[in-house]
Amino acid sequence: MRNNGSGQPSEPGRAAVRVDGLRVVRPAGHRRPGIEVLRGIDATVPRGQVVGLLGPSGSGKTTLMRTVVGVQQITAGTVEVLDRPAGEESLRRRVGYVTQSPSVYADLSVVENLRYFARLVAVGEDDVARSLAEVDLTALAGRRVSTLSGGEASRVSLAVALLASPELLVLDEPTVGLDPVLRRDLWDLFGRLAAGGTTLLVSSHVMDEAQRCDRLLLLREGHLLADSTLADLLARTGASHVEAAFLHLVEGR
Amino acid sequence: MSPRLTLATAERVLRQVRHDPRTIGLLVGLPCLVLWLIAWMFEGTPVLDQFGPLLLGLFPLVVMFLVTSVATLRERQSGTLERLMTLPVGRGDIVIGYALAFGALAVLQALVLTGFAVLVLGMEVAGALWVVVLVAVLDGLLGTALGLAASAAARTEFQAVQMMPLIIFPQLVTAGLMMPRDQMPTVLEVISRAMPLTYGLEALQDLAAGAGLHDVRGAVTAVALFIVGALMLGTATLRRSTR
Ligand SMILES: Nc1ncnc2c1ncn2[C@@H]1O[C@H](COP(=O)(O)OP(=O)(O)OP(=O)(O)O)[C@@H](O)[C@H]1O
Ligand SMILES: [Mg+2]
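Chains as they are written, first to last, in the working numbering: chain A, 125 to 377; chain B, 198 to 440.
Hint data in this document are derived by calculation from the structure and do not stem from the laboratory.
Some hints here could point you the wrong way.
Unchecked claim - Covered stretches of chain A (in silico footprint by chain B; criterion: 3 or more residues with CB under 8 Å from a CB of chain B, positions within the stretch not fixed):
| hint | region |
| --- | --- |
| 1 | 192-202 |
| 2 | 227-238 |
| 3 | 303-314 |
To be verified - Interface residues of chain A toward chain B, partial, derived using beta-carbon atoms under 7 Å:
| hint | residue |
| --- | --- |
| 4 | Pro151 |
| 5 | Thr223 |
| 6 | Arg243 |
| 7 | Val247 |
As the list claims (entries may be wrong) - Partial list, derived from the structure: chain B residues whose beta carbon lies under 10 Å from chain A:
| hint | residue |
| --- | --- |
| 8 | Val214 |
| 9 | Thr277 |
| 10 | Glu279 |
| 11 | Leu281 |
| 12 | Thr283 |
Cβ atoms here follow ideal geometry from the backbone N, Cα and C, with glycine treated the same way.
Start from the sequences and build out the full structure, keeping to the hints where you can.
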């Protein structure tokens with residue numbers, strides 16, 4: 125079992141996501157060689173935990189998440205999700221993905237969006253109502269998405285991912301643009317979901333949000349700097365907060 | 198693929214169109230306007246009777262191709278296509294769902310357009326009118342199928358936009374509108390034979406000259422086969438994962 129930094133290795137079979145030697149080269153443009161966006165990542169996401177994927181802009185967070193949900197072609201390495209190869213058909217009902225910008229139909233109302241996706245994942249009207257309530261959007265159900273604020277639209281996108289009550293939720297910067305109250309409410313929701321057994325992989329470039337995570341993956345320029353708990357990370361680096369720990373790891377390389 | 202998912206997608210696409218009056222205007226209003234301008238310009242000549250049926254097949258193809266390309270382009274840009282690719286829905290459900298929704302619109306468009314040309318503008322068709330409507334619907338479906346195939350093959354939004362002139366213009370040039378096919382250089386005639394629009398317009402030309410279904414069944418079958426082929430191509434080239 126691999127052990128990045130000071131985090132405890134998770135027991136086999138209990139990992140929701142297992143990433144091994146993952147490399148991704150994305151095309152840089154016409155007739156130019158690709159850029160290596162992920163440069164050999166080994167990481168695990170234990171089941172039932174909230175794992176924060178932190179790193180500066182361009183570090184490869186979105187690319188890593190796309191490999192987990194199976195829409196990103198992999199150059200080398202393996203990604204295993206719920207003990208199956210990432211992207212396998214059987215996983216599509218068990219994994220929920222929320223992209224960085226809200227991926228819902230702007231010209232449909234909130235509830236029309238949810239009803240369409242509910243039909244795709246074969247759940248009913250009660251799950252539509254539950255998802256809306258979970259992101260606190262019940263009052264806006266009839267509104268056209270194009271008339272919502274950015275934060276409201278991103279919560280519609282999150283509600284879609286909650287419809288099928290997936291075992292693994294992959295959320296790309298779900299709290300960007302939200303006010304502190306909503307941000308706290310969402311992190312409370314993530315905590316409740318994890319307590320109910322859901323695994324969450326949540327990316328953020330707000331280092332403060334590390335406090336709400338059970339474990340952290342620190343990413344920089346396609347390298348994984350750490351895969352551990354916040355406490356272990358702070359102890360290892362002697363830093364007082366994540367930001368300082370991050371700087372310590374970057375400069376200590 | 199499953200009928201449940203295909204129908205859910207078709208219904209969703211129709212809902213989106215219903216919320217967008219400009220698309221409906223483009224589908225129905227614009228072709229009516231152009232037909233009316235032509236009827237007015239050539240008043241007192243047989244031009245409308247000769248070329249009207251051709252336009253009833255040409256407009257659906259171009260307009261449906263554009264509307265389909267734009268709709269799927271938006272699906273890509275908004276990230277909803279990427280989301281769909283992570284959900285338990287087949288690529289065929291998405292492609293056929295779109296085809297069903299726009300097929301329904303093609304029926305509406307063909308009926309309104311033909312009705313307008315015949316009842317309001319007084320266009321007289323020598324051949325079977327209902328076959329004109331049938332070919333117009335098929336041409337609309339062909340436009341949708343080509344639009345789906347083009348945008349599925351496109352890797353980026355920009356490529357999807359570039360496909361529009363690339364696919365439509367050569368067909369217009371070689372379809373026999375500008376010059377009868379038997380007067381074309383051999384190479385162009387062969388190319389013309391490989392283009393789906395050629396068959397739609399051929400059928401309409403014959404219908405304008407008095408033909409019935411029996412006379413144009415070959416051309417109608419060719420258009421139908423092109424539709425099926427384009428839809429299969431669209432399903433096969435749509436990628437779940439990208440680089
Ligand atoms: N479609 C693409 N084609 C080529 N390169 C890309 C593409 N998308 C992203 N990249 C490159 O891959 C690298 C990582 O991008 P990624 O989107 O994964 O970063 P990120 O950590 O999610 O950043 P952010 O916090 O800004 O969302 C960047 O250098 C970016 O330029
Ligand atoms: Mg990102």
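Against the structure, the hints:
1. 192-202: This one holds; 5 residues, not fewer than the three required, reach chain B with a Cβ under 8 Å.
2. 227-238: holds (count 7)
3. 303-314: violated (count 0)
4. Pro151: 6 Å, holds
5. Thr223: Holds: closest Cβ of chain B sits about 5 Å from Thr223 (chain A), inside 7 Å.
6. Arg243: Holds. Min distance 4 Å.
7. Val247: 11 Å, violated
8. Val214: 9 Å, holds
9. Thr277: 5 Å, holds
10. Glu279: Holds - the Cβ of Glu279 (chain B) comes within 10 Å of chain A, reaching about 6 Å at its closest.
11. Leu281: Since chain A brings a Cβ to about 8 Å from Leu281 (chain B), closer than 10 Å, the hint holds.
12. Thr283: 5 Å, holds
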